[in-house]
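*Asks:* Protein chains in written order, with my numbering: chain A, 260 to 597; chain B, 260 to 597.
Any given hint might turn out to be false.
Pairs involving identical chains hold if they fit within one copy or between any two copies, as the list cannot separate such chains.
As the list claims (entries may be wrong) - Pairs of lysine-lysine, BS3-like flavour, derived with a Cα cap of 30 Å:
#, residue 1, residue 2
1, LYS574, LYS542
2, LYS542, LYS275
3, LYS299, LYS482
4, LYS434, LYS574
5, LYS366, LYS482
6, LYS493, LYS275
7, LYS482, LYS364
8, LYS461, LYS493
9, LYS273, LYS364
10, LYS482, LYS324
11, LYS364, LYS490
12, LYS490, LYS299
13, LYS461, LYS542
If you're looking for bench data, these hints aren't it; they were derived computationally from the structure. Please read all numbers here as calculations on a predicted model, not as lab measurements.
Residue strings, one per chain:
Protein chains: 2
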Amino acid sequence: MNITREKVVSTLIKDKRVPQLETASAFASTNIALCKYWGKRDIELNLPMTSSLSVSMGELGASTKISLSGTEEIWLNGEAVSTNTLFYQRLIEFFDLFRPTADTKFKIETDTNIPVAAGLASSACGFAATVKALDKLFAWEQSDSHLSILARLGSGSACRSIYDGFVLWNAGIAKDGMDSYAEDLEYVWPELRVGILLVDSKQKSISSRDAMQATVETCPYYKLWPETVNKAIKVVDEALEQRDFWALGTTAEANSLAMHALMLATTPPIIYSQGGTLELMQKVWRLRAEGLPVFFTQDAGPNLKLLFLQKDEEKLKEQFAQMRVVAPFAKVKESTHV
Amino acid sequence: MNITREKVVSTLIKDKRVPQLETASAFASTNIALCKYWGKRDIELNLPMTSSLSVSMGELGASTKISLSGTEEIWLNGEAVSTNTLFYQRLIEFFDLFRPTADTKFKIETDTNIPVAAGLASSACGFAATVKALDKLFAWEQSDSHLSILARLGSGSACRSIYDGFVLWNAGIAKDGMDSYAEDLEYVWPELRVGILLVDSKQKSISSRDAMQATVETCPYYKLWPETVNKAIKVVDEALEQRDFWALGTTAEANSLAMHALMLATTPPIIYSQGGTLELMQKVWRLRAEGLPVFFTQDAGPNLKLLFLQKDEEKLKEQFAQMRVVAPFAKVKESTHV
C-alpha cells in the first residue's frame with residue numbers, strides 16, 4: 260500500500276490547518292545540482308533513487324505571495340495562469356493538500372527572476388518559496404527538515420531550495436520519505452561563482468519529471484547511476500572540505516554529462532542539448548585546456564551553468580558576453596526560515 | 260604473455276612469404292555497423308569486447324593497389340602521404356607484418372570514394388582492400404575467415420569489410436583471436452537504403468581507436484555495454500529474418516545512441532556530434548513521428564547515416580537535398596575473394 264502525500268502532510272502539520280494570516284510571502288533561491296538528482300523510487304512522494312548535492316543561487320529564485328481569496332487564482336510574473344495548464348493543475352493539487360475546507364480559495368502570486376521551465380529549476384524555487392510562505396500563513400513553525408519534506412512533495416529538487424549555500428539531499432530509505440530531506444552543508448566558499456549561459460529560454464519539450472521516469476524505465480545503464488552519483492557526492496564533499504576547485508569542477512561536470520548520457524541511451528532518446536550547447540561546451544574545454552579553471556553543468560534544458568572562481572570572473576565575462584554571474588555566497592537574501 | 264600480430268600472421272600465411280606478382284589490386288566496401296563495435300579486449304590484435312553487426316556499403320569503399328617498388332611510398336587519393344603522419348606509420352607497420360625481407364619495399368596506392376577519417380569507416384575498407392590485394396600479390400589463397408582475421412589486425416572493423424551485405428563479427432574468446440572474425444549473414448534485403456548525410460567531412464579530433472580505449476578505461480557504464488549490444492544483435496538478426504524494418508531501425512538507432520552515451524560519460528568526455536548533427540536527428544524524429552520509417556546511425560564522427568526503404572527514397576531526398584543514397588544490395592561490385 261502506497262503512502263499518500265496527504266498522509267505525509269497530516270503527519271507533519273497535524274491540526275495546524277487554520278490560516279493565521281490573510282497573506283504571507285517568502286523567497287527561495289533556485290539551486291543547481293553539482294551531483295544530480297535523476298530518477299525516483301516513489302513518484303507520488305518524489306522520493307529519489309539517490310542522494311544529490313547542490314548549491315543555492317543566492318538572489319536568483321522565486322518570491323511567492325499567498326493570500327486567502329474569494330476566487331482561486333494563480334499569477335506568474337504578473338500574468339494570470341490559465342486553469343488548463345499543467346502548471347496550474349500541479350500547483351492547485353499541491354494546495355489541495357493544505358486547504359482547511361473545500362471552499363477555501365487561495366490567490367498565489369509568484370515572481371521569478373529566472374526563465375521558467377528552461378532547466379533552471381524554476382519549480383524547485385517556486386515550491387520552496389510556496390512552502391515557506393505556507394509555513395507563515397498557517398504559523399506551522401516547521402523545522403527546516405520538515406519544510407524540506409513538504410517542498411519535496413511539490414517538486415523533488417525543491418527540498419534543496421529551502422537552504423542557502425551547499426546542500427545535500429539525503430535519499431533516505433523510509434517508505435514514507437520522512438528521512439528524505441535536504442540539509443545545509445556547513446561549507447562556505449565566497450569566491451565561488453556560477454555563470455548562467457542561456458542558449459534557449461523557451462519551454463523545454465519534455466519535462467524533467469517525464470524525462471527521468473523514461474530514463475528509469477528504459478535506459479540500459481540506469482542501474483549504474485546510483486553508484487556513479489554516490490561516488491561523485493563523496494568526491495565533491497571532499498573537494499568542498501579541501502577547497503579543491505579543480506576536483507569540484509571536474510566531478511560536477513562529469514556527473515552532469517553522465518546524467519545526459521543516461522538520457523541519450525533512453526528509449527525514445529532525450530537530448531536537451533542544442534547546437535549552441537555543444538559549442539559552449541567545446542569553448543569551455545578549450546579555455547580549460549589553456550589553463551583556465553572553468554567547468555560546466557547542464558540540467559534538463561539546453562542552457563549551461565559555468566563554475567569558476569572570482570579571480571577569473573573578468574576573463575570569463577570577456578569570453579561569454581551574455582553570461583549572468585551569480586555569487587552564491589554574496590549575501591544571504593533571507594534566513595532560511597523566518 | 261601476449262600474442263603478437265606477427266605470430267598470428269605466421270600461423271595463417273605460413274611460408275607463403277614470396278610475392279607471386281609485381282602488382283595486385285582489390286576493392287572493399289566500407290561498412291556501417293547496425294550494432295556497434297566499441298571497446299577492445301586486446302589492443303594489439305584488435306580483439307573486441309563484443310560481437311557487432313554491419314551492412315557493407317556496396318560501391319562505397321576503397322581500392323588498393325600494391326606494387327613491389329624501389330622506394331616505400333603511400334598514396335591516398337592521388338596524393339603522396341607524408342612519412343610523419345599517423346596514417347603512414349600505421350600502414351607501414353601493417354606491411355612490416357608481411358615483408359619477405361627487410362629491404363622489400365611497397366608502393367601502396369589507395370583510392371577511396373568516401374571522406375577519410377570522418378566516421379565513415381575509411382580505415383575499415385582500406386585495410387580490407389589491402390588484405391585482399393596482399394592475398395593476390397602473395398597468392399596466399401586464404402579463406403574469407405582468414406582474410407577477415409588479417410584485416411582485423413589492421414583495423415578492427417576492417418574484418419567486416421571482407422564481405423558484402425549483412426555481416427556479423429563474432430567477438431570470439433580465444434587469446435590469439437583465431438575465433439574472432441566476421442561472417443557473411445545470408446539475409447538479402449534489396450530494398451534497404453542507406454543515406455549518408457555529411458555534417459562535416461574534416462578529420463575528427465579523436466580517433467575511434469583512442470576514443471574506445473578511453474571509454475573502456477573510464478566510462479562508469481561501460482560494463483553494461485556488452486549485454487546492451489548483445490541484446491541488440493539478437494533483435495536485429497531477428498528483424499533481418501522477419502524483414503521487420505521498424506525493429507531493425509529502432510534497434511540500430513538506439514544502439515548507436517547507447518554507444519555515444521558511453522562516450523559522453525567518459526573522462527574526458529567525447530562528443531562527436533555537432534549542432535548540425537543534432538538538427539538532423541531532430542528532423543529524423545519529426546519525420547518518423549509523421550509516419551515515415553526512417554532511422555539514423557552515427558559512428559565516430561558528426562555525420563549520420565539514415566536507414567530507410569526504397570519506397571521512401573524520393574520523399575527523403577526531398578527532405579535531405581545533400582544526401583548520398585547507397586543501395587547495399589544493388590549489385591555485388593566484386594566477389595568477396597577473387
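*Asks:* Work down the list of hints and note, for each, if the structure agrees.
*Replies:* Evaluated hints:
{"no.": "1", "hint": "LYS574 to LYS542", "in the structure": "within (13 Å within a copy, 37 Å between copies)"}
{"no.": "2", "hint": "LYS542 to LYS275", "in the structure": "neither (53 Å within a copy, 54 Å between copies)"}
{"no.": "3", "hint": "LYS299 to LYS482", "in the structure": "both (13 Å within a copy, 23 Å between copies)"}
{"no.": "4", "hint": "LYS434 to LYS574", "in the structure": "neither (49 Å within a copy, 53 Å between copies)"}
{"no.": "5", "hint": "LYS366 to LYS482", "in the structure": "neither (43 Å within a copy, 52 Å between copies)"}
{"no.": "6", "hint": "LYS493 to LYS275", "in the structure": "neither (39 Å within a copy, 59 Å between copies)"}
{"no.": "7", "hint": "LYS482 to LYS364", "in the structure": "neither (44 Å within a copy, 54 Å between copies)"}
{"no.": "8", "hint": "LYS461 to LYS493", "in the structure": "neither (34 Å within a copy, 41 Å between copies)"}
{"no.": "9", "hint": "LYS273 to LYS364", "in the structure": "within (20 Å within a copy, 90 Å between copies)"}
{"no.": "10", "hint": "LYS482 to LYS324", "in the structure": "neither (41 Å within a copy, 50 Å between copies)"}
{"no.": "11", "hint": "LYS364 to LYS490", "in the structure": "neither (46 Å within a copy, 54 Å between copies)"}
{"no.": "12", "hint": "LYS490 to LYS299", "in the structure": "both (19 Å within a copy, 26 Å between copies)"}
{"no.": "13", "hint": "LYS461 to LYS542", "in the structure": "both (23 Å within a copy, 19 Å between copies)"}
Checked against the numbered hints above, the structure violates hints 2, 4, 5, 6, 7, 8, 10, 11; every other hint is satisfied.
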